[in-house]
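Novice: Throw the hints in and build the complete structure from the sequences for me.
Number of protein chains: 4
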Amino acid sequence: MDSNTDYIWNNEKVKEECGVFGIFDNDGHDVARLTYYGLFSLQHRGQESCGIAVNNNMAFSYHKDMGLVNEVFKDKEIDELKGSIAVGHVRYSTTGSSERQNAQPLVSKYIKGTLAIAHNGNIVNTIEIKDELEKNGAIFQTSADSEVIAFLIAKERVKCGSVEESIKRAMAQIVGAYSLIVMSAKKLIGVRDPLGFRPLCIGKLDNSYILASESCALDSVGATFIRDVEPGEIVVIEKDGIRSIKDNCTGNSRMCIFEFIYFARPDSVIEGESVYETRKRAGKILAIENPADADIVIGVPDSGIDAAIGYAEESGIPYEIGFTKNRYIGRTFIQPEQNQRETGIKIKLNALKSSVNGKRVIMVDDSIVRGTTCGRIVKALKEAGATEVHVRISSPPFRWPCYFGTDIPSSNQLTAYNHSIEEIRQITGADSLGYLSTNGLKHILKNENFGYCDACFSGIYPVNTGKC
Amino acid sequence: MDSNTDYIWNNEKVKEECGVFGIFDNDGHDVARLTYYGLFSLQHRGQESCGIAVNNNMAFSYHKDMGLVNEVFKDKEIDELKGSIAVGHVRYSTTGSSERQNAQPLVSKYIKGTLAIAHNGNIVNTIEIKDELEKNGAIFQTSADSEVIAFLIAKERVKCGSVEESIKRAMAQIVGAYSLIVMSAKKLIGVRDPLGFRPLCIGKLDNSYILASESCALDSVGATFIRDVEPGEIVVIEKDGIRSIKDNCTGNSRMCIFEFIYFARPDSVIEGESVYETRKRAGKILAIENPADADIVIGVPDSGIDAAIGYAEESGIPYEIGFTKNRYIGRTFIQPEQNQRETGIKIKLNALKSSVNGKRVIMVDDSIVRGTTCGRIVKALKEAGATEVHVRISSPPFRWPCYFGTDIPSSNQLTAYNHSIEEIRQITGADSLGYLSTNGLKHILKNENFGYCDACFSGIYPVNTGKC
Amino acid sequence: MDSNTDYIWNNEKVKEECGVFGIFDNDGHDVARLTYYGLFSLQHRGQESCGIAVNNNMAFSYHKDMGLVNEVFKDKEIDELKGSIAVGHVRYSTTGSSERQNAQPLVSKYIKGTLAIAHNGNIVNTIEIKDELEKNGAIFQTSADSEVIAFLIAKERVKCGSVEESIKRAMAQIVGAYSLIVMSAKKLIGVRDPLGFRPLCIGKLDNSYILASESCALDSVGATFIRDVEPGEIVVIEKDGIRSIKDNCTGNSRMCIFEFIYFARPDSVIEGESVYETRKRAGKILAIENPADADIVIGVPDSGIDAAIGYAEESGIPYEIGFTKNRYIGRTFIQPEQNQRETGIKIKLNALKSSVNGKRVIMVDDSIVRGTTCGRIVKALKEAGATEVHVRISSPPFRWPCYFGTDIPSSNQLTAYNHSIEEIRQITGADSLGYLSTNGLKHILKNENFGYCDACFSGIYPVNTGKC
Amino acid sequence: MDSNTDYIWNNEKVKEECGVFGIFDNDGHDVARLTYYGLFSLQHRGQESCGIAVNNNMAFSYHKDMGLVNEVFKDKEIDELKGSIAVGHVRYSTTGSSERQNAQPLVSKYIKGTLAIAHNGNIVNTIEIKDELEKNGAIFQTSADSEVIAFLIAKERVKCGSVEESIKRAMAQIVGAYSLIVMSAKKLIGVRDPLGFRPLCIGKLDNSYILASESCALDSVGATFIRDVEPGEIVVIEKDGIRSIKDNCTGNSRMCIFEFIYFARPDSVIEGESVYETRKRAGKILAIENPADADIVIGVPDSGIDAAIGYAEESGIPYEIGFTKNRYIGRTFIQPEQNQRETGIKIKLNALKSSVNGKRVIMVDDSIVRGTTCGRIVKALKEAGATEVHVRISSPPFRWPCYFGTDIPSSNQLTAYNHSIEEIRQITGADSLGYLSTNGLKHILKNENFGYCDACFSGIYPVNTGKC
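Residue numbers (this note's numbering), protein chains in the order written: chain S, 429 to 896; chain G, 429 to 896; chain W, 429 to 896; chain H, 429 to 896.
Source of the hints: derived by calculation from the structure; they are not laboratory data. Keep in mind it's a predicted model, so treat the numbers as computed, not measured. Just so it is clear, CB atoms sit at the ideal spot from N, CA and C, and this is done for glycine as well.
Taking lysine to any residue and the SDA-like style, the derived pairs with C-alpha atoms no more than 20 Å apart in a straight line are:
1. G:781 with W:699
2. H:558 with H:893
3. G:874 with G:655
4. S:753 with H:753
5. G:558 with S:586
6. S:870 with S:716
7. H:563 with W:586
8. G:807 with G:785
9. S:563 with S:601
10. G:614 with G:586
11. S:504 with H:762
12. G:502 with H:502
13. W:615 with W:635
14. S:632 with H:811
Pairwise CB distance ranges, derived in the manner of DEER restraints:
15. G:454 with H:634: 49 to 59 Å
16. H:485 with S:804: 30 to 40 Å
17. S:600 with G:846: 52 to 62 Å
Specialist: Structure, rendered in structure tokens:
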């Protein structure tokens with residue numbers, strides 16, 4: 429279904445929190461099937477829509493739709509996508525309003541043939557670029573950044589000699605966060621923005637090259653991790669092999685720290701850092717910064733578990749399972765009504781009474797956004813018999829919106845923007861509340877010189893977002 | 429599903445045999461629901477995909493998908509399409525390869541806001557226009573003419589003061605057949621190409637204006653027929669009322685004669701001619717030109733019935749029902765295999781033995797394309813006991829392909845291109861075979877001065893199609 | 429979906445207006461596929477649900493669901509139904525409340541193996557039989573007669589030596605209308621009730637035998653008509669051939685006359701009578717009984733067409749096409765609201781202005797049930813310019829409900845039960861109104877001695893229905 | 429879809445591993461919605477099909493289908509199921525052959541009205557009972573035990589004065605494992621077989637009573653746990669309150685020990701035992717019985733986690749996260765082909781390199797069935813850098829099939845039936861392998877006198893299964 433019953437273009441544009449995967453085959457692999465598995469392992473980066481485009485001797489075909497990877501693709505769809513190059517995409521939606529035409533990859537014909545583009549990130553000067561393009565007669569059928577990028581590449585391609593050169597020139601006009609995979613007639617091209625907000629890595633499977641948002645996608649297809657694409661780098665994969673254009677590299681990195689804290693999968697390694705290790709380390713520092721006198725440490729599934737293990741290890745307080753999580757909640761689940769929620773319907777998480785009853789509990793989670801969920805969990809623990817609940821958060825308080833492709837709501841919805849820590853403690857009903865300090869945050873990565881973006885905590889944006 | 433597993437852009441482009449409907453409301457009508465009924469009455473013009481776009485105070489929303497009108501739209505979809513202007517489209521596919529992204533209306537953002545375009549026809553210089561646009565950086569996401577038209581309008585809009593002026597300028601660059609409905613922020617605009625290949629008419633419902641491919645769509649919503657849009661005319665409907673731009677009018681008409689013979693619905697009136705009457709008249713002339721000594725006249729359902737009644741009336745030979753047609757064949761019907769078909773499986777049509785047994789039968793149909801179906805029907809009649817079968821065709825032999833939006837196959841698939849009438853008679857097994865003469869064709873319309881396109885019969889194309 | 433959200437068993441039971449088809453293969457035919465085509469040609473007898481059961485060396489499998497034959501069965505379903513005996517069913521629902529568990533064939537295991545039963549008709553003493561069976565511990569999972577029949581057969585099977593003997597004994601306990609096809613481990617058995625209310629005929633395809641509700645189903649698979657099953661006859665088809673049990677034959681027939689007037693397909697031959705011919709003959713008698721001074725004769729599609737042709741032939745008044753019927757209305761069509769209907773929305777039928785304008789019209793239909801549809805059509809004809817509309821009905825007035833498997837509403841909903849003919853004329857707005865007389869009805873069949881049931885016209889029920 | 433394309437009744441019958449939930453409302457709750465949440469929390473007990481039946485003043489309605497709770501039920505389905513008593517069911521399928529007609533609850537009409545039955549367990553003398561019932565004329569439309577139970581109740585009901593009395597009498601004829609919820613015109617009845625193989629508990633929500641397979645379902649709707657139904661007990665809930673029939677109680681319990689080890693949810697409390705605690709305790713005993721010299725303890729998600737925490741706690745070796753599990757695998761996931769699996773495709777589990785690299789690992793799981801999965805996981809750990817992998821299993825070796833409703837394959841598929849522990853160690857590639865001893869098993873429950881069934885480990889069946 430190609431449905432768009434929400435207003436179009438009234439709202440600025442969709443958030444682009446996504447995962448990308450591409451393969452240039454030299455071994456006779458089934459590229460669509462490998463992309464399917466790659467996207468599946470990146471599903472945590474986007475559950476709203478997905479798509480795969482393939483290039484079969486310069487003839488492009490694609491399939492994309494709303495839904496999870498295993499809903500959108502069945503054997504039939506995969507079997508029909510024959511080719512030797514593929515690019516895939518999973519997309520996250522920030523609201524119920526799912527604008528279907530924004531599903532990616534975007535496949536479009538331009539002066540030199542066909543391009544398929546998969547994009548992760550958020551361009552902050554989209555409107556300015558669109559205005560300029562429209563003045564030259566451009567029309568837009570979607571509100572996705574990828575269409576803007578396609579137009580920029582097409583516009584530059586008229587004036588220069590190759591796709592990669594067009595991409596390089598287009599990058600000069602784009603401000604913001606983007607990791608791209610571009611499939612052209614004969615090439616697969618990986619791109620990261622000059623500050624490297626979003627991850628993108630290179631892998632190898634036999635003689636074939638792979639690009640992916642996270643290294644867990646390489647593992648999922650049995651490929652070997654080669655290296656991360658550098659901030660500002662353009663990686664061109666073609667029949668002859670792989671090469672780099674580094675004209676836009678600045679040596680500066682502003683990798684999103686939130687990828688480590690929450691967004692990436694624990695088994696991924698990004699910029700040489702094991703995501704799992706950074707989370708455990710955050711838990712350990714949290715234990716040092718915010719100790720508590722308690723009997724057990726528990727984590728809120730799934731995002732708080734890793735830090736909880738770190739906290740327990742550092743503090744010497746035993747780690748325990750605090751909750752049973754129902755794994756079967758699908759997209760069409762009927763949510764309990766407000767009054768049911770308050771009178772004790774426990775659908776998704778159920779506190780494990782035998783663990784927490786009569787205990788002083790340290791409850792670790794990765795972040796507090798609005799505070800209501802946290803409060804509900806604290807209440808459930810107390811009802812299950814916890815005598816004290818000490819909430820520990822493995823990142824600093826969220827105070828600022830993100831303009832670089834992560835779906836963090838605007839400040840007035842962020843509890844920490846409106847309230848002091850003591851107020852939040854009262855709101856959530858916790859006996860004590862402690863956050864990781866911004867100083868502590870600096871030490872969750874092994875490489876302490878690594879440049880990252882922590883604008884959501886600090887309010888300091890590495891580029892002009894045009895929002896203030 | 430947004431699926432395209434066929435090669436994209438390798439093939440020239442899709443055929444655009446379609447129906448369009450638009451309404452500018454001044455009375456508080458439910459525009460989406462009226463468009464639903466309008467499209468439903470135009471379903472015979474296209475069964476592959478359909479769509480409706482609405483404009484609600486300049487906010488556009490739409491829903492489109494593969495399938496029949498009553499499959500794509502349920503109460504939910506209609507209810508969500510609120511607005512005061514609407515445009516809808518039904519589309520026909522010539523092959524199983526249904527390119528989903530080509531569903532219409534095409535909704536796109538351009539320099540002055542948003543446009544929705546519904547198109548019926550076929551532009552013959554698409555490739556030349558696309559090449560030119562791509563040289564200026566344009567990208568194309570579909571292979572539909574409507575996207576080309578949208579780009580031309582957007583390009584001209586930069587240089588001039590209104591949508592209608594942009595359309596007028598765009599028309600100067602387009603060669604071919606097109607009836608368009610364009611919905612902009614504040615206007616609903618109807619357009620016919622300068623030769624008026626495809627029909628488009630204007631209706632009124634209370635104080636609201638309607639545009640539709642055929643007058644039967646006006647009847648279906650209870651509207652009154654006002655007049656046809658003239659060849660080359662641009663009709664602009666806005667809050668203040670309705671007005672015309674006739675700069676591109678030539679006074680010349682090349683309306684497709686096949687609309688009367690087969691394509692339009694019998695209850696439509698086009699260019700002042702009742703479609704039903706033209707068919708009956710074709711049958712009468714056929715009876716004069718090709719008499720036969722027989723007991724009964726029958727028509728092949730549904731397209732041969734009207735001419736059969738005319739033939740019977742003129743010849744004085746009784747009209748009879750010759751076949752029972754199964755009305756339940758849907759898109760997913762499992763076709764009988766070749767050998768089953770030959771051994772007598774009669775799924776769609778069953779000859780009515782009690783009518784034809786022992787009779788000399790005149791069997792009237794509107795045309796013969798490949799000849800195989802006709803032969804199968806003649807055989808079925810003989811098996812049902814017909815002693816003679818005299819085939820009479822209410823149009824001249826098909827010999828030439830159509831480049832103006834009607835799906836007639838290329839010449840080498842047309843029996844009449846490859847064979848004499850006597851050979852076709854032998855192929856079909858008919859006892860005699862007679863076609864309407866091209867001279868007879870001239871008289872099927874009341875207005876004998878009316879200029880029409882009969883290129884499929886004559887090979888004389890009114891514009892340079894670039895194909896020869 | 430197996431959904432039943434209506435109350436169960438509160439209402440008496442479902443009406444069983446249906447079509448049945450069965451094949452015992454001796455030639456290696458694909459029995460499921462042939463049954464698919466057979467059911468498809470019987471689709472007019474039931475559009476709510478359908479099913480096919482096959483017997484593969486005594487292993488039974490089946491597929492059934494709500495929907496049309498071409499919706500429920502795709503290649504996959506047909507391919508999985510391998511076997512050498514098959515039985516199929518199409519079912520009609522009288523209301524929106526579609527009780528899914530009632531889909532047929534009913535497949536059940538009993539003392540001697542498995543039985544599949546397809547049933548057309550209506551048993552009038554169901555409740556009495558169920559009460560008796562329940563007293564012996566029976567449970568019922570559906571409200572369909574076929575389950576009652578299965579229980580009776582199972583009960584008798586304990587006491588006697590064969591399925592056919594059990595069926596014979598079961599028939600002694602059943603009052604009402606039923607044509608059955610029963611598939612057992614090694615046999616295909618056809619049964620008609622002793623009065624033969626519903627049709628059932630025998631055909632042959634190569635060396636294989638077929639049973640079907642109507643002969644058009646034999647045509648559809650290329651089979652030859654052998655004969656009708658006699659009222660009260662049990663036809664047993666097995667490896668050795670075909671044989672009959674006629675113990676329950678009475679020599680008496682009460683075939684439903686409505687099968688000829690409306691229900692059966694015109695190309696079927698039932699009891700030696702061409703359905704089409706009976707309809708034409710009804711039209712001729714109607715013309716004699718109810719002449720009118722008029723310019724043209726038209727039929728209401730589709731059921732009034734055949735009689736209209738007879739009326740025209742007899743009266744010498746020219747037959748014309750009066751309406752264009754939209755063929756695309758599917759089950760999910762959004763009905764116009766009441767006020768739209770009255771203000772002129774013409775969705776299903778559109779009067780053909782060029783035929784009727786300025787004419788005195790004789791409009792023939794097969795029956796009037798509630799009168800509202802007829803009135804709406806008369807109004808449409810007048811709006812299209814008809815100067816007079818003379819309604820002629822090719823059957824006597826409907827006054828009594830049917831308890832034998834035809835969905836005719838209860839008397840208080842029947843216009844003719846509540847009103848005189850003159851009153852109905854006024855209600856419908858016709859200039860004159862004439863029905864076929866009950867005397868005329870006697871002559872619509874060639875065989876004037878044929879015994880039929882006309883209870884819906886006469887109120888004389890051939891068996892005690894327990895309703896009065 | 430009501431599809432059964434597998435052979436029917438050729439195979440013995442379906443396994444009945446399931447969850448049940450019922451509510452008798454006295455407060456005006458939305459019983460269907462509460463049942464929805466209850467079933468959702470029991471989803472781990474069965475993912476193949478589900479259903480809900482409601483009783484609205486003695487009018488029954490239901491909805492059931494193949495699929496997960498959140499797939500089968502949307503708002504519409506729930507909204508249509510109005511009533512004051514409800515019963516629901518989730519069902520597990522052992523194979524791809526999903527026999528749809530076996531979905532529960534089974535709703536059937538019998539001599540005293542209507543019954544809805546939801547069943548968890550497996551009756552071992554089904555065939556004998558069916559044979560006997562068929563001799564009295566019974567027919568069976570499904571292969572589910574619930575239909576046999578319904579027949580027995582109906583048969584007894586003819587002879588006695590109440591449903592509960594009929595149930596009591598039926599129990600005397602049934603051998604095997606069953607926890608039942610029966611909904612009649614005015615009652616909700618809970619039943620456990622005399623040995624109490626399967627769990628069933630009673631809860632209260634305001635003034636309404638609930639029956640559920642596990643206490644986690646009570647938590648999910650905010651109800652309070654009252655007590656377990658006793659082995660052999662019949663609990664009758666009606667307007668007047670709740671009462672018990674204990675004539676079939678033996679004081680003997682043979683609760684399935686596997687419910688504690690694997691099947692039940694960790695947050696459930698069964699027979700006074702916290703499931704989570706029993707699993708942790710199993711891990712602790714395992715650590716004592718089978719120590720290993722290692723650096724970390726990890727659990728195989730999700731079933732091995734709880735025991736791993738116990739093992740770590742007892743041994744003092746740090747607990748670590750060993751794997752990332754992909755949570756998005758749905759029913760339609762395309763499985764990797766055999767060769768892909770062997771060449772390293774890691775879809776469901778990915779070993780967490782940063783945890784295990786360079787470490788000696790103790791890997792805890794709840795059981796080994798065929799051995800292939802375990803071997804694959806060991807291999808993955810070694811590839812991720814584990815220097816040693818010591819496999820520890822928190823239950824004794826599986827050697828015998830289960831006839832009481834748990835899907836354990838036949839012995840010849842059980843690795844432990846065919847191989848010594850040392851052989852299994854070699855097959856899985858583990859450096860050492862240790863199982864919980866049967867003596868250790870005795871101590872995983874707090875109540876060491878509790879009688880349980882461990883036939884799958886011991887081969888000692890508490891009732892005659894008729895299989896040997």
